[in-house]
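The primary structure of each chain is shown beneath.
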Amino acid sequence: MRVTFFVLFLLFSSLFTVILVAYAQETPEVSERGKEVYEESCAHCHGIEGRGDGSAAENLLPRPRDFTGGVYKIRSTESGQLPTDQDLFDIITNGMPGSSMPEWESALSANDRWELVAYVKTFYSGFQELEETETTPRLINLTGKVKYSEKSVEIGKVLYTDLGCIECHGNVGRGDGTSAPTLVDVWDFRTWPANLTQGWTFRGGSSTEDIFKRFIGGIAGSPMPAFEGDTFYHFGLTPEESKNFALLEKKVENEEELTEEEQEEYDKLYEKWDTTVLAALDRAEGTELTPEAQKIYDNAMKDVFEKSWHLANYVKSLSPERRPKSAIGKNVLRSQYKEGDLPTLDDAEWGTLTSSYYPLVGQVIVESRQFNPTIDSVNVKSFYNDTEVAFLFTWDDRTNNTTVEETEDFGTSYIDGLAIQFPVKVPKGPTDEKPYFLWGGKKPVYLWQWMASEPESIKELTAKGINNAEEQEDQGTVQVNSEYKDGQYRLWVKRALKTEDKKDLQIEPTVFVPIAFSAWDGANGDVDTKRGISSWYTFVLEPVPSSRRFIYPPIVALLSLGLLVGLRQFVQRRNT
Amino acid sequence: MKRISLFTICFVIFIASWVFLRFVVGGFISVPIPSSVIAMYMALIFVAILVHVSVEDTRFSEFIRPIHETLVDENRKTRRIVLAVLIPILMLGYTYTNIAQKAIPAGDPRVAHPVPPSEFILTYKEKEIGTMQEVENPYRHYEKDSPEEFKSHIENGRRVYYDNCFYCHGDHLDGQGHLAHGFQPLPANFQDPGIIPNFQEAFFFWRISKGGPGLPNNGTPWNSAMPVWEEILTEEEIWDVILFLSHYTGYSYRPSGEAH
Numbered sequence: 001m002r003v004t005f006f007v008l009f010l011l012f013s014s015l016f017t018v019i020l021v022a023y024a025q026e027t028p029e030v031s032e033r034g035k036e037v038y039e040e041s042c043a044h045c046h047g048i049e050g051r052g053d054g055s056a057a058e059n060l061l062p063r064p065r066d067f068t069g070g071v072y073k074i075r076s077t078e079s080g081q082l083p084t085d086q087d088l089f090d091i092i093t094n095g096m097p098g099s100s101m102p103e104w105e106s107a108l109s110a111n112d113r114w115e116l117v118a119y120v121k122t123f124y125s126g127f128q129e130l131e132e133t134e135t136t137p138r139l140i141n142l143t144g145k146v147k148y149s150e151k152s153v154e155i156g157k158v159l160y161t162d163l164g165c166i167e168c169h170g171n172v173g174r175g176d177g178t179s180a181p182t183l184v185d186v187w188d189f190r191t192w193p194a195n196l197t198q199g200w201t202f203r204g205g206s207s208t209e210d211i212f213k214r215f216i217g218g219i220a221g222s223p224m225p226a227f228e229g230d231t232f233y234h235f236g237l238t239p240e241e242s243k244n245f246a247l248l249e250k251k252v253e254n255e256e257e258l259t260e261e262e263q264e265e266y267d268k269l270y271e272k273w274d275t276t277v278l279a280a281l282d283r284a285e286g287t288e289l290t291p292e293a294q295k296i297y298d299n300a301m302k303d304v305f306e307k308s309w310h311l312a313n314y315v316k317s318l319s320p321e322r323r324p325k326s327a328i329g330k331n332v333l334r335s336q337y338k339e340g341d342l343p344t345l346d347d348a349e350w351g352t353l354t355s356s357y358y359p360l361v362g363q364v365i366v367e368s369r370q371f372n373p374t375i376d377s378v379n380v381k382s383f384y385n386d387t388e389v390a391f392l393f394t395w396d397d398r399t400n401n402t403t404v405e406e407t408e409d410f411g412t413s414y415i416d417g418l419a420i421q422f423p424v425k426v427p428k429g430p431t432d433e434k435p436y437f438l439w440g441g442k443k444p445v446y447l448w449q450w451m452a453s454e455p456e457s458i459k460e461l462t463a464k465g466i467n468n469a470e471e472q473e474d475q476g477t478v479q480v481n482s483e484y485k486d487g488q489y490r491l492w493v494k495r496a497l498k499t500e501d502k503k504d505l506q507i508e509p510t511v512f513v514p515i516a517f518s519a520w521d522g523a524n525g526d527v528d529t530k531r532g533i534s535s536w537y538t539f540v541l542e543p544v545p546s547s548r549r550f551i552y553p554p555i556v557a558l559l560s561l562g563l564l565v566g567l568r569q570f571v572q573r574r575n576t
Numbered sequence: 001m002k003r004i005s006l007f008t009i010c011f012v013i014f015i016a017s018w019v020f021l022r023f024v025v026g027g028f029i030s031v032p033i034p035s036s037v038i039a040m041y042m043a044l045i046f047v048a049i050l051v052h053v054s055v056e057d058t059r060f061s062e063f064i065r066p067i068h069e070t071l072v073d074e075n076r077k078t079r080r081i082v083l084a085v086l087i088p089i090l091m092l093g094y095t096y097t098n099i100a101q102k103a104i105p106a107g108d109p110r111v112a113h114p115v116p117p118s119e120f121i122l123t124y125k126e127k128e129i130g131t132m133q134e135v136e137n138p139y140r141h142y143e144k145d146s147p148e149e150f151k152s153h154i155e156n157g158r159r160v161y162y163d164n165c166f167y168c169h170g171d172h173l174d175g176q177g178h179l180a181h182g183f184q185p186l187p188a189n190f191q192d193p194g195i196i197p198n199f200q201e202a203f204f205f206w207r208i209s210k211g212g213p214g215l216p217n218n219g220t221p222w223n224s225a226m227p228v229w230e231e232i233l234t235e236e237e238i239w240d241v242i243l244f245l246s247h248y249t250g251y252s253y254r255p256s257g258e259a260h
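Quick mapping for you: the protein sequence lines, in order, are chains A and B. For the first sequence, the residue numbers in the working numbering are 1 to 576. For the second sequence, the residue numbers in the working numbering are 1 to 260.
Bear in mind the hints are in silico, worked out from the structure with no lab data behind them. All values derive from a computational prediction rather than experimental measurement. Glycine is no exception: its CB is placed at the ideal position from the N, C-alpha and C atoms. Do not take every clue at face value.
Below, a sample of chain B positions facing chain A; criterion: calculated Cβ distance under 8 Å [unchecked claim]:
(1) 162
(2) 184
(3) 225
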């Protein structure tokens, strides 16, 4: 009886779920509701007419999407195709990491989100045409995924160089390629190549499938191209054929005489290459391919897909799964004790520490404000000995700006820099007043300010406000060394724990000291108050691991054993 | 079938209570319970078990029989040796991990919504507006008098919000804007039912116009990233954005004149 009831219950509930899901996926007709939701929740960024020109748009980078051109970055469809309804629904639902587009799942019902999809589509006539001609956008073929493996990552790494990804994304993927500072999107707004080591900023998600889709479909409107025939060298030829063909091509170029056999081979390969590229072009233009051309094209694409999966695996390998955690209180910068000399900038010993991650966000508190900071975070490691403390600060910056320059397209570019902030006097406890986190206030802060224009020196400042900083008279107590490489600054700083100067912070073991950071990306227009900033975090000279931990536990263990033996004897004696 | 001993029953009850408190109540049903509170409950349960087994002499002797046996009985030698090894090892591990634990800095004892001093005079820059208790939103009356006018104030408030506030307080007014993760304390969440209904519009005006630096010391003004908005926004813009907050969230402010 009970079992029957249970089975029936299961049946009905699964049926109910299926109906619900089917209902949720049905795209309703455009109604007033979509317009209403759009105007209440979207228009202030995307504009009342969908032109991406809402009142907040000025301050946002990436800019809000202009819906009127039908250009959509994040699609599951091939290059040149419109997105599917599901694509639009997913973006509204999940938002776009690394941009100001939030998830709307928590704020809008599924029904409202579908209404929005329908309404957003009305801004571009192409969607209407699709419906009228009853065509659907061509989906990216996701079959044939190459499983993540070290070998695949290796193949991907070679492709990363061969395909020219380096030009924009840089040697190790930090978005610092040579063309990075020049890029604009189709609306002429500045755009930066993704920093592939920060997967949490990938707008369309950072799963291997997501990355693969960006390769095959491209990121429309941005300089990121779709992988099509001409992306690949000798599209349609096998590696063997490509090698032969390259040799022959060279001979032709050098006007060497080809043998009859060579000429035949050359013509054959040339034709194969040519037909494949033509088939790809025809397909992109929407021309129906002959079965033969289709076959040639499919064969060639197999290779493209496989390479793209390898490359996606490589990109996936560059970043941690998610943004490192940075909860205050848990994210303490613990300087480790070391006997003798502290490591220098290039010492391998830094590799033995894990770095603490401190997120930076725009300084949006006083004018002039930075709404679109480009420096994600500062990572810090530290060692100390009996007299000194050394720090290693690393942060990603796509460009090395050492001078103030007028650029042709993007206004003035300033000098990169980093400032490390401590209070002059360490608060005695959690209830004791700290200086204001933004460069102090009535209580002063003690700062080390380093600028890329003078990479071998660092200034000690005292500040009582973001616009009220003074260089200390007594400079030179802080040693510094730095390096910029592959889109990353590494700054090494060393100072004595104790100094003579009363305006300096005095550092003592085991005392928790507030610490905060400011960073300037000159190419992003950062100068003075325009910068990335952090909250107060905590820094401490971690006590030398106590030898107590090797003394007390064995004593406790022996005591408990003794107690057991004693108890047994007591019981035995009472029994007799 | 062998009868399960009273000791085993008590032991199982004790362990099950801990599992129930730690994982079922604290986690599944509700948020995790602090370990000190769990320790208190466990002490109570321990005493209750002791009382239960010691009310009758026969029950007590039945309870301690297994302990007794384990300690002295010739047949229980293996069990005895296992315990004599296991208990010291557990104690060793416990003391070691407790000594090796890293110090955690104390958190800020911050009052999230500090009460302003009584007889507090609300100001915009230097200009006095009135006492905190009495001041009302000067545009609130349009809600009844002139819906058209009211709507234009809401729309202006919306513009102010998205030009200035949403970076931190979020598109959904839930305190989860795209810059929020970098700040501590986290930006206020206006969707929290404990926020808007608990405060007068004048309180919001005070918090917006004077920002983080205007907080009393128990609000840790040195940590707050809230700007001093009177330096950027006009008086009307601040009142308008206050209207927008309640319009968007659907919550009403505490009426003026009521003590907090």
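A quick look at each hint next to the structure:
Given the 8 Å rule on beta carbons, the hint for residue 162/B holds: about 4 Å separates it from the nearest Cβ of chain A. Nearest Cβ of chain A to the Cβ of residue 184/B: about 4 Å, under the 8 Å cut. The hint holds. Because the smallest distance between the Cβ of residue 225/B and any Cβ of chain A comes to about 6 Å, under 8 Å, the interface hint for this residue holds.
Hint compliance for this structure: every hint is met.
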